[in-house]
Amino acid sequence: MNIDKRLVRKDSLEKLFDILKQNSKTIYAPFSKNSKVSFREADSFSGITTDYIQTTQSSKEVAFPRNEKILNYSKDKEGMKVKGIDLNDIPEVVLWGVRPCDTMGIGELSAIFNWDYKDEIYNNRLSRVTVFGFSCSKSDDYCFCTSVGGNPGNTQGSDILFTQLGENGDYLAEILTDKGSSIVSISSALFEKTENIEKEKFLAEVPARFEREEIRGKLEKFFDSQLWVEQSLKCIGCGACAYVCPTCACFDIQDEAHGKSGSRVRCWDSCGFSTFTLHTSGHNPREVQSQRWRQRIMHKFLIMPDRLSVYGCTGCGRCSRACPVDMNILEHLISIQEVSL
Amino acid sequence: MDDLRKRAKELLETSAVKVVIGYEQGTANKTRALFVEKAEDADCLIFDSRCVQNLATYVTKREVKDKGKMAITATLPVMRSIIQLASEFQVNDNNLLVLGITPESKLVEFKNLSEVETFVHQYQIEIDAKNKEMLDKIAKMTQAERWKFWIDELSPCFKCYACRAACPMCYCHRCTVDFNQPQWIPVPSHELGNLEWHIMRAIHLTGRCIDCDACYNACPLAIPINLLTKRMLEDVKINFGSYQPSIKADHLMSTYKPDDKENFIQ
Ligand code: SF4
Ligand code: SF4
Ligand code: SF4
Ligand code: SF4
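Residue numbers (the numbering used here), protein chains in the order written: chain B, 264 to 604; chain H, 872 to 1137.
Worth double-checking, as some hints may not be accurate.
Mimicking EDC-like on lysine to aspartate or glutamate, the simulated pairs with C-alpha atoms at most 16 Å apart in a straight line are [unchecked claim]:
1) H:K889 - B:E493
2) B:K296 - H:D1023
3) H:K901 - B:E594
4) H:K901 - B:D404
5) H:K932 - B:E493
6) B:K332 - H:D1023
7) H:K901 - B:D589
8) H:K932 - B:E550
9) B:K462 - B:E493
10) H:K936 - B:E493
11) B:K462 - B:E430
12) B:K296 - H:E1024
13) B:K346 - B:E383
No lab work stands behind these hints: they were computed from the structure. Everything numeric in this text was worked out from a predicted model, so none of it was measured.
Can you make the complete structure from the sequences, with help from the hints?
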């Protein structure tokens, strides 16, 4: 297939932003707070930051918010009334400035939310999201997209992928989906026809560091390995790695009661917490941190490919950057690959 | 830090301890915790000004503690934490040896925790100028401004509890936020849930926090939650005189009995 390629002038981005606003789109873009970059709703173009290798948090919140009401209830003399949430209230969103390792993560997250039960709320949210990917011109020690099927200019998951042609340069826009085309149709003057531009030389260089198939093969025989104990000794069992990850999907269901009415809320949860698998009986099948760390790696590199035909890691490196004790997932994966069985 | 490596080696060779907790080179320019169990691995130990993670959080971690007697590379904040933990019956001379590192980066070995306490008491806990300025600024705000400040700062918190996990004094097996019968603190990380969590955290650490900033350094979102514990520390000083962790002292905000019949107390 021939990709529709256009040139977007650097100065046109702000005009594009304004047109999206006029068309009642909610825009989520990267902003810096306390020197950490995260996505939030953008009211104006100024203030959106472009100076980041990767945002601290992924963009998954747009389809999988960290707290989300899934139903409301009320009790009266006649009994209990349950009301689902109104899916029509979900806004049309443009996700602006997403790196390719996150756009790829959308597919992996969607695989989980559509495994057996098709998650209505998640799917409805996602169907209203248009993804503006931005290729990477820089990378750091934590990045490893090229080891897990991605690359700094990967189009997968984007509706439009923007690649800046040199520092302060204009942008190549690759229009990848119908959603992307419909954005072009409301702002066609900003998307100039262009001769073939090659984006490769403007992309970051990220060397491949391991073979994920090989890791998957090792993991099949690795359940009882001592390696999990050694690797996880410094892990302090928090939720940082899971919460920043674009593909971690675990949640907890909570009821929030206010007198006779209330709501049921789905909240992020993490397999790193000691209470994550704690049973009512008091028994905990994952009693120690090594079992929880094993779960994290196994889930992403063995269980997901086995059951969902996708891996659960896009190599964004966020978990390593966010980890308070420098558990570096890339290092740990390499050492798994290096173990001889 | 050759003398640290040498001493770690000796301790492991003579089986005086089973594990030495220290620092090694980490990713990029970071350092991170290292658990040395074999004498030959002691050469990976490093110490320099980048080594700020409070290693005392590991002395109550089951997998580390279960190895047997521990030795710990301890800067002043780590030593203070250990004294506080000793006063809460979490460590003692039988399970922990302290390899102290003085503020001048000198290695000192202590025979017992009581010597550590004497050493620690030579230094007052002082909040640094930058944070003091921030505390003053917050104190001078009107109530409404202060409310807005904290709502703005705390709303991004997604309750990953890295701050709790990194704090040596947050060692409870089951934290108040994890209780659901009754549920004290709302689980969702919304405005109320976050406020209650952080107020609870600050209160539970009052009179125990030794101002190491491990909580703040651990926060992936760089939320200045250490300002809450620093405020409490200042209040403790104002109301109860200077604050020092002490092995035998009464606790300020809690009573603690090892023979308490409730089993949630360790
Ligand atoms: S596991 Fe880590 S590197 Fe992989 S996608 Fe999640 S946050 Fe990124
Ligand atoms: S690997 Fe790091 S971020 Fe993840 S649970 Fe362990 S300490 Fe927390
Ligand atoms: S609350 Fe923060 S500053 Fe106080 S002891 Fe715990 S980690 Fe250190
Ligand atoms: S580490 Fe930061 S984000 Fe995580 S619970 Fe603590 S304050 Fe909230």
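Each hint tested on the structure:
no. : hint             : result
1   : H:K889 - B:E493  : holds, 15 Å
2   : B:K296 - H:D1023 : holds, 10 Å
3   : H:K901 - B:E594  : holds, 14 Å
4   : H:K901 - B:D404  : holds, 12 Å
5   : H:K932 - B:E493  : holds, 14 Å
6   : B:K332 - H:D1023 : violated, 22 Å
7   : H:K901 - B:D589  : holds, 8 Å
8   : H:K932 - B:E550  : holds, 12 Å
9   : B:K462 - B:E493  : violated, 42 Å
10  : H:K936 - B:E493  : holds, 14 Å
11  : B:K462 - B:E430  : holds, 13 Å
12  : B:K296 - H:E1024 : holds, 9 Å
13  : B:K346 - B:E383  : holds, 15 Å
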